[in-house]
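Colleague: First to last, the sequence lines map onto chains L and V. Each residue of the first sequence is one higher than the one before, starting from 1 at the first, in full-length UniProt numbering. Each residue of the second sequence is one higher than the one before, starting from 1 at the first, in full-length UniProt numbering.
Where hints are given, some of them may not hold.
As the list claims (entries may be wrong) - Result set (EDC-like, lysine to aspartate or glutamate): computed pairs, CA atoms no more than 20 Å apart in a straight line:
1. L/Lys55 - L/Glu18
2. V/Lys133 - V/Glu57
3. L/Lys55 - V/Glu30
4. L/Lys133 - L/Glu175
5. V/Lys55 - L/Asp83
6. V/Lys55 - V/Glu30
No lab work stands behind these hints: they were computed from the structure.
Protein chains: 2
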Amino acid sequence: MARTTGSDGEKTEAAVREAAVNLIARFGYEAMSMRQLAAEVGVQAAALYRYFPTKEELLFTLMREHMEGLTDAWETACPISADPVQRLSAYVENHIAFHIERRHATHVSNMELRSLSPERLTQILRMRTAYEKELRAILRDGAEAGVFSIDDTGLTAMALIQMMTGVIVWFRPGERLSITEVTATYLSMTMRLVGAGTDGETTHDGARALGRARDAAAL
Amino acid sequence: MARTTGSDGEKTEAAVREAAVNLIARFGYEAMSMRQLAAEVGVQAAALYRYFPTKEELLFTLMREHMEGLTDAWETACPISADPVQRLSAYVENHIAFHIERRHATHVSNMELRSLSPERLTQILRMRTAYEKELRAILRDGAEAGVFSIDDTGLTAMALIQMMTGVIVWFRPGERLSITEVTATYLSMTMRLVGAGTDGETTHDGARALGRARDAAAL
Numbered sequence: 001m002a003r004t005t006g007s008d009g010e011k012t013e014a015a016v017r018e019a020a021v022n023l024i025a026r027f028g029y030e031a032m033s034m035r036q037l038a039a040e041v042g043v044q045a046a047a048l049y050r051y052f053p054t055k056e057e058l059l060f061t062l063m064r065e066h067m068e069g070l071t072d073a074w075e076t077a078c079p080i081s082a083d084p085v086q087r088l089s090a091y092v093e094n095h096i097a098f099h100i101e102r103r104h105a106t107h108v109s110n111m112e113l114r115s116l117s118p119e120r121l122t123q124i125l126r127m128r129t130a131y132e133k134e135l136r137a138i139l140r141d142g143a144e145a146g147v148f149s150i151d152d153t154g155l156t157a158m159a160l161i162q163m164m165t166g167v168i169v170w171f172r173p174g175e176r177l178s179i180t181e182v183t184a185t186y187l188s189m190t191m192r193l194v195g196a197g198t199d200g201e202t203t204h205d206g207a208r209a210l211g212r213a214r215d216a217a218a219l
Numbered sequence: 001m002a003r004t005t006g007s008d009g010e011k012t013e014a015a016v017r018e019a020a021v022n023l024i025a026r027f028g029y030e031a032m033s034m035r036q037l038a039a040e041v042g043v044q045a046a047a048l049y050r051y052f053p054t055k056e057e058l059l060f061t062l063m064r065e066h067m068e069g070l071t072d073a074w075e076t077a078c079p080i081s082a083d084p085v086q087r088l089s090a091y092v093e094n095h096i097a098f099h100i101e102r103r104h105a106t107h108v109s110n111m112e113l114r115s116l117s118p119e120r121l122t123q124i125l126r127m128r129t130a131y132e133k134e135l136r137a138i139l140r141d142g143a144e145a146g147v148f149s150i151d152d153t154g155l156t157a158m159a160l161i162q163m164m165t166g167v168i169v170w171f172r173p174g175e176r177l178s179i180t181e182v183t184a185t186y187l188s189m190t191m192r193l194v195g196a197g198t199d200g201e202t203t204h205d206g207a208r209a210l211g212r213a214r215d216a217a218a219l
């Protein structure tokens, strides 16, 4: 009986998270009430507070799990190879794949930071910085190895992340392009942006690695 | 007397717009009430409805004027020259300058589209499409002239716009870099992304024009 309750509890908690992401993405965090959320899930408002003692606790949990998921996905996707082009390709592919599957959660994570308490905001921003630092390290390694040509590592990292996350604004499955085609084009744009050789003109290994990355993305 | 009233009216309307942009950027459109807005401006709620009969009318006005301002700024900034590199440089400079000065209005315009009625949403999206079409035309002209190397004009336009608008997320005046330095770096990244030659390696005119654009941005 306890086990069944636990299992139901987990299901309810998952339902709460999913409904919260959708409601916040649709109306905004400040406009969503716990009562509205409870009605959406089909439970009493009091039941919600068992899982999330405050509304901000719920928002923080959604954001923390989003960032943990992204970090875990990157740890899995990060290649053993030290080659900057391979690592950058993996970063781009992982970033686009992760966010395209979590459009609403990404909107919530990017837009509702204003509603976190200072301590919790710091915690989330620290996780983001750690994730972005991985990209800066790849860019710096590539520039030092002479594979990339970069003016400003920090600005390039921000530009790439915003360009990639921006895919969720316009991409809809089943339209003109598949995720694979979009990712291949973004890989190509990324490699050009970091100066990893333009198609057919480069003399170093970047273009070959890009070709491999494109083949992989096309599978 | 009538003139004074008119002038006060214009001041009040401007104050309403400014307060609305700030409140919506901070709490979200759905969470903002007309009563809260009236209190912020220091007028009776009834007075607001003289300027904006509905809350959605207010949101729509903010978004329409934002897009009209962007379009007007681009019409002024658009060079007479047909050179794709010069036109792309002008587009990037204008886009960054416009949005960096209107951080809150940009957030509102990008995040609150969900709250517009279908007809008004269509109107705003039509204005956006027209503005983005200008960029696609520059990219297409550059590709046809052999100055740019582009895989997909539509995707490249979206990537560039999201990369550039993203500046408002992290840029704060008075920090490490000036607007001029940020713009110069984004110009350089843009030119590389569209394949307009990497520094010192290109054989066509792109790099020279880029140099000119950088000099201009550095003034």
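Colleague: All hints, please: hold or fail.
Modeller: Verification of the supplied hints:
1. L/Lys55 - L/Glu18: holds, 14 Å
2. V/Lys133 - V/Glu57: Violated, at about 27 Å.
3. L/Lys55 - V/Glu30: holds, 17 Å
4. L/Lys133 - L/Glu175: violated, 34 Å
5. V/Lys55 - L/Asp83: Cα-Cα ~54 Å, so violated.
6. V/Lys55 - V/Glu30: Holds, because 10 Å separates the two Cα atoms, which is no more than 20 Å.
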